Amino acid sequence: MHGSHATGSPYAPYTEEDRTAMLETVGAEAVDELFDIPADVQFDGRFDIDARTERETRRLVRSILDRNDDVTELLGRGHYGYYVPSLVDHLADRSEFLTSYTQYQPEISQGFLQALFEYQSLLVELTGLGVANCSMYDAATALGEAATLADRVRDTTGHRVLVPELLREERRSTLENYVAGTDLAVETYPVADGTVDLAGLTDLVDDGVVMIYAESPTVRGTIEEDLAAIGDLAADTEALFVLGSDPVALSLLERPVDVGADVVVGDASVLGLPTSYGMGLGLFATREDYLRQVPGRLVGASEDATDRRAFTLTLQTREQHIRRERATSNICTNQAWVALRTAMHAAVLGPSGLVELAERDVQRARDLAARLDDFVGVIASVHDRHHLREFVARVDRPARAVADDLEKRGFAVHVVGDHEIQICIAGVCDERIDEFVAAVEEVTR
Amino acid sequence: MSGDRPDVSDDGDAPQSRYDQARYVENGEYEPLLSEKDRTRVKIGGDDADTDGSPLPDDLTRDSLELPELSEPELARHYTRLSQMIYGIDSGPYPLGSCTMKYNPKFTEDVATLPAAAVHPDRTEASVQGTLELLYRLQDYLGRIGGMDAVTLQPPAGAAGEFVGIRVAAAYHEHNDEGHRDEVIVPESAHGTNFASAALGGYDVVSLPSDDDGRVDLEALEAALSEDTAALMLTNPNTLGLFERDITTIADMVHEAGGLLYYDGANLNALLGRARPGDMGFDVMHYNVHKTFATPHGGGGPGAGPVGVVSDLAPFLPAPRVRERAAESTAEDPVYERFDPEHTIGKVHGFDGNWLVLLKAFAYIARLGDEGLADASASAVLNANYLAERIEYDVPYGPFHHEFVASAGEQDAADVAKRMLDYGVHPPTTKWPEIVPEALMTEPTEVESKDTLDRLAAAFNAVAGEDDDALETAPERTTARRIDQTTAARTPRLAWQALEDDA
Ligand SMILES: Cc1ncc(COP(=O)(O)O)c(C=O)c1O
Numbered sequence: 001m002h003g004s005h006a007t008g009s010p011y012a013p014y015t016e017e018d019r020t021a022m023l024e025t026v027g028a029e030a031v032d033e034l035f036d037i038p039a040d041v042q043f044d045g046r047f048d049i050d051a052r053t054e055r056e057t058r059r060l061v062r063s064i065l066d067r068n069d070d071v072t073e074l075l076g077r078g079h080y081g082y083y084v085p086s087l088v089d090h091l092a093d094r095s096e097f098l099t100s101y102t103q104y105q106p107e108i109s110q111g112f113l114q115a116l117f118e119y120q121s122l123l124v125e126l127t128g129l130g131v132a133n134c135s136m137y138d139a140a141t142a143l144g145e146a147a148t149l150a151d152r153v154r155d156t157t158g159h160r161v162l163v164p165e166l167l168r169e170e171r172r173s174t175l176e177n178y179v180a181g182t183d184l185a186v187e188t189y190p191v192a193d194g195t196v197d198l199a200g201l202t203d204l205v206d207d208g209v210v211m212i213y214a215e216s217p218t219v220r221g222t223i224e225e226d227l228a229a230i231g232d233l234a235a236d237t238e239a240l241f242v243l244g245s246d247p248v249a250l251s252l253l254e255r256p257v258d259v260g261a262d263v264v265v266g267d268a269s270v271l272g273l274p275t276s277y278g279m280g281l282g283l284f285a286t287r288e289d290y291l292r293q294v295p296g297r298l299v300g301a302s303e304d305a306t307d308r309r310a311f312t313l314t315l316q317t318r319e320q321h322i323r324r325e326r327a328t329s330n331i332c333t334n335q336a337w338v339a340l341r342t343a344m345h346a347a348v349l350g351p352s353g354l355v356e357l358a359e360r361d362v363q364r365a366r367d368l369a370a371r372l373d374d375f376v377g378v379i380a381s382v383h384d385r386h387h388l389r390e391f392v393a394r395v396d397r398p399a400r401a402v403a404d405d406l407e408k409r410g411f412a413v414h415v416v417g418d419h420e421i422q423i424c425i426a427g428v429c430d431e432r433i434d435e436f437v438a439a440v441e442e443v444t445r
Numbered sequence: 001m002s003g004d005r006p007d008v009s010d011d012g013d014a015p016q017s018r019y020d021q022a023r024y025v026e027n028g029e030y031e032p033l034l035s036e037k038d039r040t041r042v043k044i045g046g047d048d049a050d051t052d053g054s055p056l057p058d059d060l061t062r063d064s065l066e067l068p069e070l071s072e073p074e075l076a077r078h079y080t081r082l083s084q085m086i087y088g089i090d091s092g093p094y095p096l097g098s099c100t101m102k103y104n105p106k107f108t109e110d111v112a113t114l115p116a117a118a119v120h121p122d123r124t125e126a127s128v129q130g131t132l133e134l135l136y137r138l139q140d141y142l143g144r145i146g147g148m149d150a151v152t153l154q155p156p157a158g159a160a161g162e163f164v165g166i167r168v169a170a171a172y173h174e175h176n177d178e179g180h181r182d183e184v185i186v187p188e189s190a191h192g193t194n195f196a197s198a199a200l201g202g203y204d205v206v207s208l209p210s211d212d213d214g215r216v217d218l219e220a221l222e223a224a225l226s227e228d229t230a231a232l233m234l235t236n237p238n239t240l241g242l243f244e245r246d247i248t249t250i251a252d253m254v255h256e257a258g259g260l261l262y263y264d265g266a267n268l269n270a271l272l273g274r275a276r277p278g279d280m281g282f283d284v285m286h287y288n289v290h291k292t293f294a295t296p297h298g299g300g301g302p303g304a305g306p307v308g309v310v311s312d313l314a315p316f317l318p319a320p321r322v323r324e325r326a327a328e329s330t331a332e333d334p335v336y337e338r339f340d341p342e343h344t345i346g347k348v349h350g351f352d353g354n355w356l357v358l359l360k361a362f363a364y365i366a367r368l369g370d371e372g373l374a375d376a377s378a379s380a381v382l383n384a385n386y387l388a389e390r391i392e393y394d395v396p397y398g399p400f401h402h403e404f405v406a407s408a409g410e411q412d413a414a415d416v417a418k419r420m421l422d423y424g425v426h427p428p429t430t431k432w433p434e435i436v437p438e439a440l441m442t443e444p445t446e447v448e449s450k451d452t453l454d455r456l457a458a459a460f461n462a463v464a465g466e467d468d469d470a471l472e473t474a475p476e477r478t479t480a481r482r483i484d485q486t487t488a489a490r491t492p493r494l495a496w497q498a499l500e501d502d503a
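One line per chain: the protein sequences are V and G, in this order. Under our numbering, think of the first position of the first sequence as 1, with each following residue one higher. Under our numbering, think of the first position of the second sequence as 1, with each following residue one higher.
No lab work stands behind these hints: they were computed from the structure. Note that this is a predicted model, so its numbers are computed, not measured. Any given hint could be a false lead.
To be verified - Below are the SDA-like pairs computed for lysine to any residue, each with C-alpha atoms no more than 25 Å apart in a straight line:
hint, chain 1, residue 1, chain 2, residue 2
1, G, LYS43, V, THR15
2, G, LYS431, G, GLN497
3, G, LYS431, V, GLU303
4, G, LYS106, V, ARG62
5, G, LYS106, V, THR15
6, V, LYS408, G, GLU125
7, G, LYS43, V, GLU303
8, G, LYS37, V, SER352
9, G, LYS43, V, ARG62
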């Protein structure tokens, strides 16, 4: 009987009759005969995992997850919880999107290919660069891939990759792993008041630099004011200028192409995914010059046998399934469905919605900082810079104690120094912000 | 009324299905791009700004942004139409070999969208005990299923898991003053990611031919192994679906040479509950949860590629992992914490991987339990064997398990695949592994019923009986007809902006 599975998988639709008939066809008495596993490596034990009904399983997961405290997160630093419109969930969950795989047969997969082509186009508009792939895993791995790209396309003698000292440790560590198989060496350059210390960086740059990485907004929410100078610095020494950003920021901030960026990486899932414990979508865009060295999948336009425009994965000779150890990356399964969600979210917002969202992120972070700055015992923001959606505040009390007290009142913030907390407004509604301000006043007195 | 029935007589009483995919045509072209439905340029800053005025100085902002501005109903229609131009597992059989395209249980989507699952990775341990518990339990489940001592959930896909394995091997050898080991051995018939992951880790790849039976050639392995060997990467059953019968000998040989044995978990569906990589002598493995544990493939991803290791390698796993904080835990109220393994290789993802995918995998395993998992492998293997028996194409290697590789013989495998599209099925993986000429790598998975397998076989057989002409002009009934790959690659047009340039 289907549905109950005391004896099997609920998703393997057999009747006993079928099974008997099938065994007869293959000439076996029992399924066991079909396994060609030597006796000494057969597993006779149990995993001790109880089968459950669907309802029991849902209850189990809910009961586990309910141990998470329900707090308002004013958290960012690379992962954001913007409101995702209902259209995204409902349409991305259509099973044709959800249950298909890589478009190895483009004729039967036009819809997904078109959505990915539209995603690539969105990134081309946002960055001004000619080529965007249809996803890396996340911002950190995209940064790693940018470094290996730099290693391939630069034939300078050097091996130095310069990253800001404020880079999130997790991103830096991922980058270190990606370059472990190359001669590249990652070094930090100094930061002054939350943004690049241009003089300090200039001192470090020589012909041995293959890549300079900068972020705007930075991990502390500050907006870089002189990206073009970094671009010039990189261009002078023929290093690649890699810029970290995201689609919301890019809707408002200077176009990467205008500041000399050669590659843009970052987390594109700021649009499309709600807070997801760090799951992301690696944005990767670059100049057409490096097209043949791009990692990951690319969707291109072509024609079908009726001469109508049609889409297909293209330039696949870069990829692992053809080029094997000489591929531009090892990536195969990627984040395509997240890219679809990102494209949908951007489409719902449209250009005016995107610009407004980014402008509000600047304004609301500024307003909140000003309100907190009024409290004795708080300086907000600590950096004399423009900010997007998040900022660092100095608190007189130990930051850990302040954060713990806020958590008791239902708010989560980052602790980024002994007396520094970081606060992000993305996705937090105005009423909660008001309550947060009141809570900060209480706990910083 | 009955006279209005559409004419389907061209298929007569044929056993194979006929499939006509949705196709919208406007002005002689298929469904327009969003950018062809609207383009709106929004000016930013300056006196003529379209918004209320930018809160930033003009020199920090772009001048404008030009994208489609469409209403929600228009977008709902756009994406619904796009979805109708896609074939997924819910559309019909999807026997794409090596990819394990199982049915994705619907309830796992509900579980992944629980509000309590939406937490930020920088939350304190105390406030996300639920997330940590779930991760801990999944580590534990996977350890048991693979026979491994320690598991990391961080790698966001199978290839990322391979890369972790490679980096862990490097760290382990380095730790033992064996850093000179600079070769990774990979069978000729392996998946492309194995080669690419080893190369990304800086290793020279030594490729290993198979023997006449399609398995690892022990003599060739002996010749390939040396004091430079860091690891051998294997999948078992291999890509022909054959179990590597000499696996314990292979493990001994690799260990004798001082190397590690890596298990590519892409084919684990064949073994669930019957054999475990850990018991075969593998030291490190990845689990491909979007295959074995039925999380949706999403048009190419996201997946997840957790890595399991034997205890000797546990200190090298990525950071952080999750463990129970023994001192404070009680049976009723366990307390979990993150920790960094002693000699960790660091990170391979900015946070802790593809959480939503891991959550779905957990739910799937918890739903199936021992019985369900063992039945999945049994039914997957029976289905593959039954289907192979029913198709007319030759299957040169056996006995195979969850997948088989048929040969299209005189036909071109890629053309066979195109023609199968017209019969309402997704075709197999083609032209790989190359050891089988014109390979049709077929993996029906456990989710197909006998009736569906019969219809799938009918589709294979209908194509087997067709001439080159029919094959070369296929597909006819999909949204797009055969797509010109050469033009796509020669004149890359990778964004709508590029389409205008040549208009
Ligand atoms: C045999 C094999 N190994 C490795 C992989 C790589 O896994 P992923 O695509 O999840 O990176 C795949 C599948 O794509 C595969 O079939």
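Here is what the structure says about each hint:
no., hint, verdict
1, G:LYS43 with V:THR15, "64 Å, violated"
2, G:LYS431 with G:GLN497, "34 Å, violated"
3, G:LYS431 with V:GLU303, "24 Å, holds"
4, G:LYS106 with V:ARG62, "16 Å, holds"
5, G:LYS106 with V:THR15, "22 Å, holds"
6, V:LYS408 with G:GLU125, "14 Å, holds"
7, G:LYS43 with V:GLU303, "35 Å, violated"
8, G:LYS37 with V:SER352, "16 Å, holds"
9, G:LYS43 with V:ARG62, "46 Å, violated"
Violated hints, listed in ascending order, are 1, 2, 7, 9; each of the other numbered hints is respected by the structure.
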